[in-house]
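These protein sequence lines are chains A and B, in that order. Each residue of the first sequence is one higher than the last, beginning at 1 in our numbering. Each residue of the second sequence is one higher than the last, beginning at 1 in our numbering.
Some hints here could point you the wrong way.
As the list claims (entries may be wrong) - Here are the in silico distance ranges between beta carbons for each label pair:
1) B:Val324 with A:Gly161: 19 to 27 Å
2) B:Gly317 with A:Leu183: 35 to 43 Å
3) A:Phe80 with B:Phe5: 50 to 58 Å
Stated by the list, open to error - Each computed EDC-like pair below joins lysine to aspartate or glutamate, with the alpha-carbon atoms no more than 20 Å apart:
4) A:Lys146 with A:Glu178
5) A:Lys198 with A:Asp170
6) A:Lys162 with B:Asp329
7) A:Lys154 with B:Asp268
8) A:Lys146 with A:Asp113
9) A:Lys234 with A:Glu151
10) A:Lys146 with A:Asp212
11) A:Lys146 with A:Glu167
12) A:Lys184 with A:Glu141
13) A:Lys234 with A:Glu218
14) A:Lys40 with B:Asp268
15) A:Lys162 with B:Glu269
16) A:Lys40 with B:Asp329
Just so you know, these hints were derived from the structure itself, not from any lab. Note that beta-carbon positions come from the ideal geometry of N, C-alpha and C, so glycine has one too.
Read off the chains here:
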Amino acid sequence: MKAIIVDDEELARRVLREYLGQEPGMEIVAECANGFEAVKAIAEHEPDVVFLDVQMPKLDGFEVLELIDRRTAVIFTTAFDQYAMRAFDAAAVDYLLKPFGIDRLRAALGKLDRRSKLDVNPAVAPAELRNAARPAGEYQERIVVKETVREGAKVHVIPVGKLDYAEAQDDYVALRSEGRTWLKQQTISSLEAALNPKRFIRIHRGFLVNIDRIARIEPNTKDTWIAVLTDGAKIPVSRAGYTRFNSLIGG
Amino acid sequence: MHPIFQNWKALALYVAVWAPLGAMLGLLISVAGELSAAETAAVIVPVVVVLALVCLAPWYACRALPLKSTPAGRLLGQHLLAAIVVSGAVLFISRALAHTLSGMLTGLDDRFRSASPVLAAMVAMIYLLSIAMHYVVIEAQTSRRSELLAREAQLRALKAQVNPHFLFNSLNSISALTAADATRAREMCIQLADFLRTSLRLGERASIPFGEEMELTRMYLSVEQVRFGQRLRVAIDIEPACNECQVPALVVQPLVENAVKHGIALIDEGGEILMLGRRLKDELRFTIENPYDPLAPSSRSGIGLVNVRQQLEARYGNAARLEVEASPDVYRVTLTIPAGIRGKTTA
């Protein structure tokens with residue numbers, strides 16, 4: 001069984017290394033100190049299990065989860081993060097509370113064995129899990145995306161201020177930022193829930209727009225409009241979107 | 001003793017109130033009994049002095065019969081009885097006085113007798129008024145004390161928030177060290193115990209010398225340095241004159257905790273926490289700087305900063321300031337509080 005340990009604290013990695021060393025057939029294929037390394041290592045090694053810390057530099061555990069293959073079995077580790085714990089409990093995601101003993105670790109591994117390999121873990125979409133773990137009234141300040149390059153995976157961070165708009169495309173959202181388009185597996189509704197509603201407006205079923213980018217809104221047909229962005233891009237506006245826009249501007 | 005004797009301003013006010021009250025009483029008596037000014041003064045001045053003293057007695061009566069818990073019948077009966085007794089006693093004294101003085105002032109005894117009903121009624125009324133005033137004062141005092149108690153309880157609760165995240169991560173570090181480096185594991189146990197004990201001890205006190213607060217901060221950082229290793233670096237520059245200043249207990253520690261949790265812990269290569277302490281003319285200025293990742297999901301200040309701000313506001317009002325500046329990569333918090341002046345303890 002191939003395992004990857006992801007934790008920014010050397011001592012926290014050491015405990016897991018010690019415990020996993022006592023499990024027959026267990027091989028640690030990588031240890032990562034931040035989320036960037038983790039995404040890369042997981043894409044490269046395709047491990048059977050990832051031990052993933054929640055609070056880390058660069059990318060936190062939830063963001064890593066968004067960028068890896070959803071079939072990867074993940075066991076979260078955290079010392080105490082009440083919001084994350086609440087989200088894990090709600091989604092029935094297994095997690096280890098630091099400090100934990102080897103018995104608790106074995107129980108978590110046992111649960112993995114009983115699962116079908118085809119199951120996704122966790123069963124909810126990563127973006128939903130991340131939304132559930134955020135305190136009410138706080139919003140996501142950045143969006144992480146992954147690009148597949150020749151050397152493997154490359155992670156990009158888009159500060160939400162640099163996002164022009166997002167467009168729904170089947171199971172994906174296309175994110176438009178600084179002249180580039182990024183694809184990410186996420187529903188537009190979960191992205192909308194993650195962003196500050198005062199800054200991003202669902203102007204159409206399929207479009208979420210940065211309000212600072214809207215230059216003007218022109219009438220189109222009787223019940224539709226067109227939003228012209230500062231860079232000249234044109235986006236359809238539905239009746240409901242137009243109402244939302246007006247109430248946001250008016251308020 | 002009646003609290004009015006502990007506050008000379010209140011006592012002076014009380015005496016000042018009795019001057020017009022006595023004059024009014026004198027005027028009524030002189031009209032009712034057709035007394036001359038000199039005769040009125042001779043009787044009324046000693047009576048008013050006695051009455052002014054007797055009217056402080058409700059302080060004890062009112063506390064023995066609290067408004068809320070005493071049945072209305074008993075409350076009225078007791079105070080009316082007291083008013084009648086006081087009125088009777090004052091009447092008796094003044095009649096005796098008039099009788100004694102009638103040797104010099106002919107017919108005073110008889111003329112005073114006709115003024116007696118007016119005097120008795122007035123005294124009873126004044127005494128009842130005094131009872132009412134005392135209830136008002138006692139009520140105001142009680143509500144102020146409960147406000148102070150509530151505020152103190154709040155301060156204690158804020159201080160008691162030892163960050164569980166810190167505690168469990170430290171325990172995890174100890175757990176990691178146990179197998180490979182038992183000596184360091186034990187050291188860290190002791191450091192953690194020292195920190196917790198000291199923060200409990202200091203948290204009980206309202207204000208402590210700044211030097212002790214910094215000592216606690218150093219203990220905290222030594223625990224965190226085991227956890228973060230080379231990633232956490234610390235530079236401290238505190239003027240010796242700062243150490244004696246009285247500061248609210250556990251006012252700096254949450255700021256340092258923030259710098260670690262929301263700053264250093266979210267940067268891959270870590271960084272340096274810089275602390276500066278300066279003694280200005282009558283203020284203590286403490287600055288803490290840390291690098292941070294402005295895009296990190298939880299790089300914004302947590303509950304710690306809110307607590308510190310509330311604590312300062314409760315104690316100093318506007319005299320203390322907590323300023324936060326966030327440049328693209330440095331987060332700086334500046335704390336300015338009145339130096340040397342012992343923070344008002346709310347015991």
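Here's how the hints hold up against the structure:
1. B:Val324 with A:Gly161: 19 to 27 Å: holds (20 Å)
2. B:Gly317 with A:Leu183: 35 to 43 Å: With Cβ atoms ~55 Å apart, the hint is violated.
3. A:Phe80 with B:Phe5: 50 to 58 Å: Holds, at about 56 Å.
4. A:Lys146 with A:Glu178: holds (16 Å)
5. A:Lys198 with A:Asp170: violated (26 Å)
6. A:Lys162 with B:Asp329: holds (18 Å)
7. A:Lys154 with B:Asp268: holds (17 Å)
8. A:Lys146 with A:Asp113: violated (29 Å)
9. A:Lys234 with A:Glu151: Distance ~36 Å between lysine 234 (chain A) and glutamate 151 (chain A) Cα, so the pair is violated.
10. A:Lys146 with A:Asp212: Roughly 25 Å between the alpha carbons, so the hint for lysine 146 (chain A) and aspartate 212 (chain A) is violated.
11. A:Lys146 with A:Glu167: holds (17 Å)
12. A:Lys184 with A:Glu141: Holds - the C-alpha atoms of glutamate 141 (chain A) and lysine 184 (chain A) are around 17 Å apart, at most 20 Å.
13. A:Lys234 with A:Glu218: holds (10 Å)
14. A:Lys40 with B:Asp268: holds (16 Å)
15. A:Lys162 with B:Glu269: The hint is violated at about 26 Å.
16. A:Lys40 with B:Asp329: With a Cα-Cα distance of about 26 Å, the restraint between lysine 40 (chain A) and aspartate 329 (chain B) is violated, given a limit of 20 Å.
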